[in-house]
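Residue numbers (my numbering), protein chains in the order written: chain Y, 4 to 408; chain L, -19 to 401.
Keep in mind the hints are simulated off the structure, nothing from the lab. Please note that the accuracy of each hint is not assured.
Stated by the list, open to error - Covered by chain Y, according to a simulated footprint, are these stretches of chain L (three or more residues, beta-carbon under 8 Å):
(1) 216 to 222
(2) 282 to 288
(3) 345 to 355
Just so you know, even glycine gets a beta-carbon here, dropped at the ideal spot from N, CA and C.
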Amino acid sequence: MCGGGESLWGWGPRVPSPLLLLSLLSTAPLGLLGEETRQVSLEVIPGWPGLPQNLLHIRAVGTNSTLHYVWSSLGPPAVVLVATNTPNSVLNVNWSRLLSPEPDGGLMVLPEDSIQFSSALIFTRLLEFDNTNMFDVAAETPGKPYPPYSLAEFSWNNITGSLDPATLSATFQGRPVNDPTGAFANGSLAFKVQAFSRSGRPAQPPRLLHTSDTCQLEVALVGASPRGNHSLFGLEVVTVGQSPDCPSMREQHSIDDEYAPAVFQLDQLLWGSLPSGFVQWRPVAFSQKQGSRESALPCQASPLHPILAYSLPQSPIVQAFFGSQNNFCSFNLTFGASTGPGYWDQHYLSWSMLLGVGSPPMDALSPLILGIMAVALGAPGLMLLGGGLVLLLHHKQCSEYQSIN
Amino acid sequence: MEPEDEEERELLPGGPGGAGRSRPLPALCDPSRLAHRLVVLLLMCLLGFAISAMTILLPFRPRLSEWGTIIFSCFVCVGQVVFALGAIVNAFWLMEFGRFVFGIGGESLAVAQNTYAVSWFKGKELNLVFGLQLSMARVGSTVNMNLMGWVYSEIEASLGSAGHTTLGVTLMVGGITCVLSLICALALAYLDHRAERILHKEQGKTGEVIKLTDIKDFSLPLWLIFIICVCYYVVVFPFIGLGKDFFMEKFGFSSQAASAVNSVVYIISAPMSPIFGLLVDKTGKNIVWVLCAVATTLVSHMMLAFTMWNPWIAMCLLGLSYSLLACALWPMVAFVVPEHQLGTAYGFMQSIQNLGLAIISIIAGMILDTRGYLFLEVFFIACVSLSLLSVVLLYLVNRARDGNLNYSARQREEMKLSHTE
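Can you make the complete structure from the sequences, with help from the hints?
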């Protein structure tokens, strides 16, 4: 379905191996740095007074590791993910350096030698394609591209207002600074970030299973006017890594679509061999707030390819943490198809992903299904056995009487 | 009519019925000749094809005459036109009303087919006729599945938009087969009337008078047969209705490939129904065959639910087991029910089967929207398991009561001979 970098059939060559079947049967996924729960704190780091600078620091502390997620809308929306092997690591922010033209060293996690893994994701552009008269779903591009919106040129709200300690979430909401056509007059692009202290599954589709080692991002485009009757939107995502190779993208096909009806695939982006960082999402977006099967849009991910730094909008926090020598790889996500539901229905589009460290959480068959299967397969067998026994005994009794005659 | 009478009549130069005919009719036009009966068979099959091509089922079984057939054919045509109109003007209630009218005519037309078949082929090629009628009906369903999508896309391309208008026009085009059904009904009515006039024959009495009070006389094996029937068919038809998306999403099939694999159940049952009918006739042991069919369906659904194996395998198995079950299950009713209650029994079986299909179709849609395909498949597996449980129970009850449901063909022959002595 999606054009990923590598396509791996996560369930083996068409036969579920016993190991995978066992993993299906396991219930609670373990937090994969070994942590089942974490203490999560959200902190908006105050910048210069008077300027809406958004720097959100999520610190998830476990028994012997800490995860730092630094979300920011300085420049394009970006997240720096750092995993350390001590519960005592802290984030150090030097605002004057961060806001200067050379932000290197403006962001640091101390102690530096406790860092096990670090990477970043940048959301650089909002893409739009004209899909009219495109009945060929297998085409390379989803349509003629309109000029993309650069997310570095958006103005963002102050997230302190949207911070919710109960659900551990915050929302970045933005619209273009220069909007000559008024497309975003009544609309906005929102990035809702949510952290978790334990594993669970939200009620909102696509119901991605999360652990304490992950946080969830929901991207929602609401109310913006499309530039055509049949516009498909997309998002350009850039990954940052130390090695010259791009992270690998995998499509996991499974038999289980219990939590995302009619979606049998799970896409993953892995930075390296496990355990390292990952991004996980279901290739589906929704055109209604409630999110149901009838409002589900397919989501296509293009293959990852390396990209040069100068062709990207610069992200100060990425440069602040990683310095100037970095390898960037980008891929495009496109939401929707030529037929079926689309953004045009209600001017609403939402897509969710998980960002975390360790092994990506895998869905397992729910106990209800296992219970039904046990009864469905067991009952006829037991009936046959029981009935056969009864008949046998009855037959023996009858034959005893006959022997007297 | 007995074959001996017919041969005698053909030997007489004066033609049948003693009506004083001066010259014999050509074979195709003579109602007593096989060639003519084959023409009539063709028309009956086309009638069934046309119905099945658009069918929805509704229980309704009155006494029939030729005029009844024509009236119900008109119901079918009018219903389809109203259905299409409802789509064109985007009024869902009108579409529902159209389907309702269609349904009144459609199912009764199926009964008309059976009546005609018994009337023309009783004591001759009746088993083959029933098998062929079932085959043609399934071919009709297959053609519908594979053709309507193509018709829709062609109309969409020419009209330039997808939407309710395109849907309505497509349905109107489909209504052409309903007109075909009406033409066949008229032709059959004419031929039947003519045959009656020439051969002075009466309508074959099939004991189709329905007495609802008969229901309290139904025995336990019969009720078990009803349960098997309902629980089995709700696993086949609603699944095929929702199957196309399943194959596209889970197995990555294209739209055409998904339609093709979806319709393979009907394609297989078209040739296999007569073959399995012959097989069950020759070997008897109906319960064992029903057990095999239900177990195979269970295996097929488990393959579709829990593996990523090529769905062609599972769907072919489903097609084979569906054909086998039809041949083995329906005759069992005749073994447990006295002749004067046979009409009521078959009518009741058909009615609750349709009721089950209607209810389960709605439930299946709800399950799919909230819980996805895996849960839906598990639900279907549970239904098949219920059917399997009933078969096992039927076998045990039959064994305990020394019933005749599981006799081999030889035992049945012996029973028949010992009764006639």
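Next on the checklist: Tell me the numbers of any earlier hints that the structure contravenes, in ascending order.
Outcome noted: Number 1 only.
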